[in-house]
Amino acid sequence: MLLTFLIALPLLTACFIAFLEAKHVRFIGKAVFLSSALELAFILVLIPRVVSDGGVEASALFSLDPLGAFVSLIVALGGFFASLYSVGYLRAEVEKGIIGNHRVRQYFLSFKLFFFAMFLAVATMSPVVMWIAIEATTLSTAFLISFYNKQSATEAAWKYLIINSLGLLLSLLGTLLFLALPDLREGSFTWSMLRESAGSLEPLIIKIAFVFVLVGYGTKIGFVPLHTWKPDTYSKAPTPIAALLSSVLLNVAFLAILRFKELTDMTLQSNFTSELFIFFGVLSIVFSALIIFIQKNYKRLLAYSSIEQAGLIALGFGFGGIGVTAALLHMLYHALAKALIFFTAGNIFLKYSSTKMHHVTGMIRMLPLSGPVLFVAFIALLGLPPFGIFMTEFLMLSAGMERYPFVVAGVVLALAILFFGFFKHLIALLFGTPPDGMVRGESNMLTQLPLVLLLGLLLVLSWYLPETLSMLIRLAGEGLSLNS
Amino acid sequence: MLEFSRELYFSLGLVAFLTTIALQLVKTNRSLIRFYLVQSLVVAGFLFWLGIVEGDRSLMVVAFLTLSIKVIGAPIFFSRLIRRYETRFTANNYLSAPLTLLILLLLVLFSYSQVFLPLGFLMPGMIGLLPLCLASILISIFMLINRRGAFSQMIGILSLENSILLTASFIGVKQALALEMGIIFDIVIWMIIAQVFISMIYRQFGTLSVDKMKRLIEE
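As given, the protein sequences belong to chains B and X, one line each in that order. If you read the first sequence in my numbering, its first letter stands for residue 29, the second for the next number, and so on. If you read the second sequence in my numbering, its first letter stands for residue 854, the second for the next number, and so on.
Hints are not guaranteed to be accurate.
To be clear about the criterion: a stretch of chain B counts as covered by chain X if any three or more of its residues have a C-beta under 8 Å from a C-beta of chain X, and this derived list gives those stretches [stated by the list, open to error]: (1) 148-158; (2) 180-187.
Derived DSS-like pairs: lysine-lysine, alpha-carbon spacing no greater than 27 Å straight-line [as the list claims (entries may be wrong)]: (3) B:324 to B:187; (4) X:1067 to B:187; (5) X:1065 to X:880; (6) X:880 to B:187; (7) X:1065 to B:324; (8) B:124 to X:880; (9) B:452 to X:880; (10) B:324 to X:1067; (11) B:452 to B:124; (12) X:880 to B:384; (13) X:1065 to B:452; (14) X:1065 to B:124.
From the derived model, a few chain X residues whose C-beta atoms are all more than 10 Å from chain B [stated by the list, open to error]: (15) 910; (16) 939; (17) 1020; (18) 1057.
Keep in mind that the hints were calculated from the coordinates and are not lab data. Quick reminder that beta carbons are idealized off the backbone N, C-alpha and C, glycines included.
Based on the provided sequences and hints, a complete structural model is requested.
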């Protein structure tokens, strides 16, 4: 029952907002935050049940297994923090006259539809429903990307729509090829039905099908060379939406690929999927390292960081063994750290009214909270202690040390280049002389509170993982460690 | 009956393939709509025929929905869009006509290559049909890359979706009715959103040519 509520609540909230007038914008914000808090509470109640019983079922097509529950937790956490931050961020934009109340209402309506689609994708046991839901995430976010109604935003949104739709249609082709088996061709297929038939799948067909799925959903993740929409979209979308695309939607797309990876590994009993993961992982990390120095826009910089982090996660799953658990944990840490850094970027935009890095100087003096938090968030994302990403990166790379030493060496070199690239930009943002006449201070309280909460949570989870969460991650990783 | 089925499958596959080729080469937006209509009619017709042969009512429902949405509804909306913005001619291809034809030929050869040979297992006794379907898919993808017009790109996505669904139907993959309707619902929403964006692009850029959309590069 609780799972049904979890899936339905964002949709009900969206319907509720649709009936409200734009003048009730404060009430809409509160309703969205309350709904997101409830979603987080639901998933926190469901997780112990998933751990003890191995899953929670709502119907034949909807249930949460450990992997689904883990990604749901990331979605719910992202929703909670992003809804809180969005209220403050949009309030500041309304006060500055950038947008009106109508836009705020539209934003929250799409925001909740986006979450409905994501919860649907993670909680379904049907690959086709998952495809429908992930396609719905593209549709619900298209208008959020063109939110500011400028030429560049429309251009970015069109690019996002076309490239992601193309990718998703390829993943549909892959999905249908998985289902095109003599004993499976009719009805409503679930992952468990497919797993049971794994032995009867034709290996060569499954290889082709998996490539289509990986390329299709990989477009959504933004693996190089399928990433071209990402920097444009992140730089033009409202900052909380860019945060969600990077920290939450990326993991939903990963979930889709991981489900097929598990199935493919069961059929092939070989390293086929792992090697593809390593290939895309390395390509994404190396490409980000090469392009990082020439970035001029801090939101585009974060997009490349997202591509690099997706590459690292793929590498962890590709290496297998302890790398799988580390990659799952990395998904959580990255989601929190990336949301934190994007929210900080939002505060920079509110202060400097620009996303170009040469316009942003002396941030440490002008933004007393966001400045230091940006520094700390970068430290976290770059994988330095005391943050958990340090440990997950170390574990992921050590998992591949024995079988792929040259790959690991290359990745370490690329990470070192990325470190210097990010640091160069960070120094330029934080220090230097602030623009003339700029007054020191942050925007409203609601743009600061999520930073403090997120940083606190990231630090706590870096040092202490609750027993239930670590059990959930272990269970989630079990099926994914096959053939590694 | 079996021989007739084979011939029908192949004929429909061939018509769908030829429409994807035509979509690459036509110069006016109206022709784009007409060929998309023919392609959608092939999909709807095949689903309807399959529904009758197999006595499957859900397939007939899906065929009816496909017919009403893709063959009747979408072309009417698209025609209105073209009339409203007076964009009779589609934007050019990036590549010249001979080069486009050469790439089309290479894509067809690729779909008949060893790479996709294992997929022949999915359609035993229908040699030649699957490569034709794959060629339609690859050509639709190429259309997205080669066409400069936003309207052509939209038709390219819809043509790709038609090609994939036709391939799946030939293979014999059938979803429960609710899931089929879910996919169709997604496509309808996609069409509506794409049309809204096309209107926005025309209002903001004064053209539907994606070549003129250079704000992201300039920034």
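Going through the hints against the structure:
1. Against chain X, the stretch 148-158 of chain B contributes 3 residues with a C-beta closer than 8 Å to a partner C-beta. That satisfies the three-residue criterion, and the hint holds.
2. With 7 residues bearing a CB less than 8 Å from a CB of chain X, the stretch 180-187 of chain B meets the requirement of three and the coverage assertion stands.
3. At most 27 Å may separate the alpha-carbon atoms for a hinted pair to count; residue 324 (chain B) and residue 187 (chain B) meet this at roughly 21 Å.
4. The straight-line distance between the Cα atoms of residue 1067 (chain X) and residue 187 (chain B) is roughly 12 Å, inside the 27 Å bound, and the hint therefore holds.
5. Between residue 1065 (chain X) and residue 880 (chain X), the direct Cα distance comes to roughly 18 Å. Compliance with the 27 Å bound is thereby established for this hinted pair.
6. Between residue 880 (chain X) and residue 187 (chain B) the CA atoms are separated by roughly 23 Å; this keeps the pair inside 27 Å, and the hint holds.
7. A C-alpha spacing of about 23 Å is found between residue 1065 (chain X) and residue 324 (chain B), which places the hinted pair at or below 27 Å, so the restraint holds.
8. Of the pairs offered as hints, the one joining residue 124 (chain B) and residue 880 (chain X) is violated, with about 47 Å between alpha carbons and a cut-off of 27 Å exceeded.
9. With a C-alpha separation of about 50 Å, the suggested pair residue 452 (chain B) and residue 880 (chain X) falls outside the 27 Å cut-off, and the hint is violated.
10. Taken as a hint, the residue 324 (chain B) and residue 1067 (chain X) pair is honoured in the structure, with Cα atoms around 17 Å apart against an allowance of 27 Å.
11. Between the alpha carbons of residue 452 (chain B) and residue 124 (chain B) the distance comes to roughly 31 Å, so the proposed pair goes past 27 Å and is violated.
12. Restraint check: the Cα-Cα separation between residue 880 (chain X) and residue 384 (chain B) comes to about 41 Å, which exceeds 27 Å; the hinted pair is violated.
13. A C-alpha spacing of about 34 Å is found between residue 1065 (chain X) and residue 452 (chain B), which places the hinted pair above 27 Å, so the restraint is violated.
14. With a C-alpha separation of about 31 Å, the suggested pairing of residue 1065 (chain X) with residue 124 (chain B) is violated against the 27 Å cut-off.
15. Here residue 910 (chain X) stays apart from chain B, with its beta-carbon at least about 14 Å from theirs, past the 10 Å limit.
16. Against the 10 Å criterion, residue 939 (chain X) stays outside the reach of chain B, whose nearest CB is about 20 Å from its own CB.
17. A beta-carbon of chain B comes within 10 Å of the beta-carbon of residue 1020 (chain X); the shortest separation is about 7 Å.
18. Annotated as non-interface, residue 1057 (chain X) brings its C-beta within 10 Å of a C-beta of chain B; the closest such distance is 5 Å.
Comparing the model with each numbered hint stated earlier shows that hints 8, 9, 11, 12, 13, 14, 17 and 18 do not hold.
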